[in-house]
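Asker: With chain C's structure known, arrange chains E and G on it following the hints.
Chain residues, written in single-letter form:
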Amino acid sequence: MTRFSALNLFTKALGGHKGWQEQWPTAEPKASYDAIIVGGGGHGLGAAYYLASKYGITNVAVIEKGWIGGGNTGRNTTIIRSNYLYDESAHLFDHAVKLWDGLSQELNYNVMYSKRGVLMLAHNVHDVQSFKRHIHANRLNGVDNEWLTPEEAQAYCPPLSIDPNARYPVMGAALQRRGGTARHDSVAWGYARGAASRGVDIIQNCAVTGIRRGPDGAVEGVETERGFIAAKKVGVSAAGNSSVLMQMAGLRFPLESYPLQALVSEPIKPVFPCVVMSNTVHAYMSQSDKGELVIGAGTDQYVSYSQRGALHIIEHTLASICEIFPIFRRMRMLRSWGGIVDVTPDRSPILGKTPVPGLYVNCGWGTGGFKATPGAADLLAYTIAHDAPHPINAPFNLERFRTGRLIDEAAAAAVAH
Amino acid sequence: MSGYRVTGAGRVDRARTVAFTFDGQTYQGYEGDTLASALLASGVTLFGRSFKYHRPRGVMAAGVEDANALVSVTRGPGRFTPNLRATAVEIYEGLEASSQNRWPSLKTDMLAVNDRLGMFFPAGFYNKTFMWPRSFWEKLYEPTIRKMAGLGNSPTEIDPDHYTAAYVHCDLLVVGAGRAGLEAALAEAGSDKRVILIDEQNELGGWALSDPDQAQWLAQSVATLTAAANVRILTRCTAFGFYHDNFVGAVERLTDHLAQPGSGAREKLWRIRAGEVVLAQGAIERPLVFEGNDTPGVMLASAARTWLYRYGVAIGRRPALMASHDSGWQDAFAMAAGGVTISAIVDVRDTVDDALLRQAADLGIAVHLGSSVIGVSGRHKVTGVEIAANSGTGRKRIACDALMMAGGWTPTLHLWSHSKGTIAWDESLGAYVPDKANENVRCAGACSGQMDLGTGVVVPALPTPKDASRIKAFVDFQNDVTAKDIGLAVREGFKSIEHVKRYTTNGMATDQGKTSNINGLQLAATALGRPVVDVGLTTFRPPYTPQTFGALAGHAKDALFQATRKTGIDGWAQDNGAVFEPVSQWRRAWYFPQDGEDMHAAVNRECRAVRESVGIFDASTLGKIEVVGPDAAEFLNRMYTNPWKMLEPGRCRYGLLLREDGFITDDGVAGRISPNRFHVTTTTGGAARVLAMMEDYLQTEWPDLDVWLTSTTEQWSVIALQGPRARDVLSALDTDIDLSPEAFPHMSVRLGQICGVPVRLFRVSFTGELGFEINVPAEYGPAVWKQIVAAGQPYGITPYGTETMHVLRAEKGYIIVGQDTDGTVTPMDAGLNWAIGKKKKDFVGKRSLARPDIVAPGRKHLVGLLTEDPSLVLEEGAQIVADPAQPVPMTMLGHVTSSYWSEALGRSIAFALVAGGQERMDETLHIPMPGAVHKAQVSGMVFFDPEGARINV
Amino acid sequence: MLLIHCPYCDEKRPEIEFAYGGEAHIARPLDPSALSDEEWETYLFIRSNARGRHHERWRHIHGCGRFFNAVRDTVTDKFETTYKAGEERR
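Sequence lines, in order, name chains C, E and G. Residues 1 to 417 (the UniProt record's numbering) are what the first sequence spells out, left to right. Residues 1 to 953 (the UniProt record's numbering) are what the second sequence spells out, left to right. Residues 1 to 90 (the UniProt record's numbering) are what the third sequence spells out, left to right.
Derived by calculation from the structure, the hints in this document are not laboratory data. No experiment lies behind these values; they were computed from the predicted model shown. We put the CB at the ideal spot given by N, CA and C, even for glycine. Incorrect hints may have been included.
Said to hold, decoys possible - In silico lysine-lysine, BS3-like type, Cα no more than 27 Å apart, as pairs:
hint : chain 1 : residue 1 : chain 2 : residue 2
1    : C       : Lys-269   : E       : Lys-147
2    : E       : Lys-147   : C       : Lys-115
3    : C       : Lys-269   : E       : Lys-472
4    : C       : Lys-65    : G       : Lys-78
5    : C       : Lys-12    : E       : Lys-436
6    : E       : Lys-193   : C       : Lys-290
7    : C       : Lys-98    : E       : Lys-139
8    : C       : Lys-18    : E       : Lys-466
9    : E       : Lys-420   : G       : Lys-12
10   : C       : Lys-12    : E       : Lys-147
11   : E       : Lys-786   : E       : Lys-566
12   : E       : Lys-107   : C       : Lys-269
13   : E       : Lys-557   : E       : Lys-268
14   : E       : Lys-381   : E       : Lys-396
15   : E       : Lys-147   : E       : Lys-107
16   : C       : Lys-353   : C       : Lys-30
17   : E       : Lys-557   : C       : Lys-269
18   : G       : Lys-12    : G       : Lys-84
19   : C       : Lys-54    : C       : Lys-30
20   : E       : Lys-147   : C       : Lys-290
21   : E       : Lys-436   : G       : Lys-12
22   : G       : Lys-84    : E       : Lys-193
23   : G       : Lys-78    : E       : Lys-420
24   : C       : Lys-290   : E       : Lys-396
25   : C       : Lys-115   : C       : Lys-269
Said to hold, decoys possible - Pulled a few chain C residues facing chain E out of the computed Cβ check, cut under 10 Å:
hint : residue
26   : Gln-21
27   : Ser-161
28   : Ala-196
29   : Arg-329
Said to hold, decoys possible - Selected chain G positions facing chain E (Cβ under 7 Å, derived; list incomplete):
hint : residue
30   : Leu-2
31   : Arg-28
32   : Pro-32
33   : Phe-67
So that you can see chain C by itself, here it is in the shape it has in the complex:
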């Protein structure tokens, strides 16, 4: 692997940039691997990278039905934060945030992690109570999160309207300074390059059509469009398509897949210095390095794999954005798109073993998977390598839906009276 550096870029420039090599070689599937990751998003590519770099398993393939990073990795609004309420969630997401820090250097690939701060707006007394609860819990968990008055929030994010006569006035905000954004595609590419350089085969345009199990029930490998590939360990990290893959192994999962839309404005000069989220008004936004305002919309109400959402969802989202940031009313939407998010009953992920020996799963991230990318990848790799979950992802098991130990962040923030 050619090491990237300013000097290297300079040298290659003098040579007309003819000297660059493929960032990850095109691989043809081998007959067998020690482990296969199904799904070439950030989570799956990262898992392969950590298997090879950290857990000593280098005979690995990532199998992707389309192009790597083409699912939710390449379609999300790239928000990174870890100010979750419950210990389990805070530890899970903070594990990821710690890995985000320094990821560019580790991968020798600039993923443009920008610690711009994530500001979450409180619009009523219940929000205030809920955010204070988060802040105190985060503080005792060692996760940064602080309370800002409306004036402090506006100073941090000048386009924010704190008009007390607004329909949903800002009563304060929780700020996680380590939160921010990263460049989504670079995450997938950086992990792919890092994994490939350690011997991982990255196989694109190869859909998995079946998961083969032996007489003892254990995984033997995967059937693909290009034939059978053997592996005793298979990790599935396929987001919206997880149910479909689990069914191939004879498993039915507590998952449903919904359309989720996002949109960007035309690029403008820097004006929006952080990420702002408002659960009550249903809006979240940041500004990309390129200058676009990046805006997340809500899910449609029905199960769908169409990657296509409805206009009224976009209308509602932009009404919400304009309500909180009225100076952007004349800005223009450049592009909107849809993804498929897989949602569990408690809206927390499932990350661990399955009832099928040798089959591991990482799914159910709903609308929040990008921020967890390095953490989920590392923990999936750990679980595959040890055939046992790491203590951080142990609570995110499948059994909790039977026993009742749900991790329901959304319910904890539930709208009250």
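Answerer: This is chains E and G only, laid out in the frame that chain C set:
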């Protein structure tokens, strides 16, 4: 007017001159001009700077597909709009436009140094550097990158304009009013079909506006359609997205072209549901890829023809043509016919149709076949081109002051693609064409791929003897993506067109690839040595062109963003100085401060009044559901944890509602009005959710039950009268209900009249005092409220708000679902075991309560918490630990859910969810706060009048 | 915005009149207490999440208020049919 205006040509109104400014300099154009045509007519060639290299740019196309000439327009405070296309801005008297992305001026842009350093900024360069030293990323690299990026500036003030929206239905929607679209509409003009014809431009006609030969037909067609009662014509209206089931979104621009915009809406969102859709969006000409193809003055041949015949503007005195397609020759001939000297025609093809050669010869135009432009001279304006034979020999210069390029045509498939219609590659066109429809939609005219524009060849990049790795031949003009960037992407392993797009940003500019997608695809396919179809095509996504946030938000702003629900008594509260708080969609009176009181003082006074005499509270927001029918009691029995069948008419019961997963979702008191009728109350925020849940079970699980459910939340005004003097106040009013404790005990309901209006009178209490909730028909609420206030004067009756209500209920240990519970709390956790009907075989959520982790020890229990320092009021949300000395991350036992100063007790009180709380009674726990650790003792939750003596009087 | 045929009103109406009701034909067990934890989990949480033909419930909440069932393709979002609650699975 001088410059490049051509006498006698074009559709602009020469009788009406229009003055406007660009970068502060005044120009004149005619009515009907766009900003681009008027500036071109004045000899302006430099319109803007490119995104990355800050290269000087002119106009490349004449329509919305132009990627170069972006401007900002300002028209007074709050009315600043960046990134508009000069080709789509209609001029009006006083228009103020300015160029973007340059400093200090358009002509002298310091950042143009990027162009010189461009070799160090190839595609994806940022992935490879800016990593060392690590701290520089946040402080230096990223802010610098961001500052360089972006196009125009952001608006900085609130937009004073408003926007409107409408739904409309039609049998036929035609998108695009060029020849094909007009014909599709004409076919139904006068029929019984409802037809809508939409076009993005200021007048109907599309390409026909650039072709004088079609002018007469166009005028007749427009007249016919205008006269047809069944046809609605929307101009300046862009159909931007095609959604499920023939639902098309369109935005009509109403005032941006007017010198005096007036007070009407600026834009209107049309939400169109169409029986059939005809897409007649036309086709867009492709640029050719060669060094210098972005020089101001290099433009599409079709655009040059439009400038001449639609706007009466010659793009130069001696333009040349670079073509790979016959249509460019026709454009050049048309220009010549209009009096413009064509200096040369260069065509990459070795042979072309003889007829073209003959016509060129007749017009005296020099022709260079098998040749290509390999360079353009001039920085802010073309001064000449260098050409060479495709073999690389015979380099020569041609003097010209503009260059037309004709690279063939790309059908506009955006809406077709939004509708999920499939597309197929047409090798002869070198473009994708529509294939199978997914909705009731068809394409007509050029966008269908059926065009009669002659033939051409597809050339990913023109041949050049120069070192291709050293030249800048642009593919995506706005984003500064060059042919070599695409080569680099492929070399680095980006082999899917989606990867090429994302790595190079080709097609991601504000034109969304209208002129660059196909060239980028061809270049990538060539570099990969694979057929185009194997490389794919990036997906078209709405909107077709950028659309204003405000238009999509529509009426939903300020007070109309979401309706504020107000009770009938809200006006009285406002008149009497209430401070309000938002609670779900409602606004509720929070407290009633008197002179100089802060919230704390007001709440203490209100609490004292209720405990000592009498208070009055507007409880109308409580959700109310009328449950009626022979099986009403059975139904409630199945829904709620409590038993209902034995409840006698005239009596009330507290009801607890779980989700099927066993967690508390709502609660409220229900009164049995008669054997078959219950008056059920819910929390304020839960009303709609509870009714939906009840309907779900009733309709789909228990359709055998004979029950009707009706929301009555808005039908009743609910006045809570609470305090030891409550009965005295009520007795002073005209009522036929026996209020004596014997006849009307706690937790009962009576029907009768009060103050001359019907009443459902509940004797219930959420304060721990003697209390009544007076339900009267909503329209009588304010009148009855006022009569009660008047009758209460002898007792100092005091209105109180939600904050006092919260304090009083907390003193009594009453929980608030959603504050003291959070969707993870079971009845056992909340200490509400008593509310579970022990003999009931089933109710919603019961089975879940037996799951292993629900019955396991150590769950969080709701308990009381008394601080060691009685004056300290804990913060709600504060976390609780057993050992405050432990290092972070600490083991947290739970959190404070409710916390108040209790005026009645002269100390603070709190509720908390604490792990194993029931087993920790009297244990001292710690609340570590920034700067201090508080101590508190676990207690029961009933702090005041634990015997309930005050209620049962 | 989908266009949905309400089998009670016998009209196609826009999606905003309707509330999605989750997967169809998951009947609440008659005697939940007789179920094992696994069986109860299946009832509560396990869903087909079908990619393709999907049976689902809708409620015409801003119309007749009735729940009904539908078969919809989750890849194209196109409805195959809608039918009244209580009718046989299609």
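Asker: Which earlier hints can't be squared with this structure?
Answerer: Result: hints 5, 6, 22, 24 break, sorted rising.
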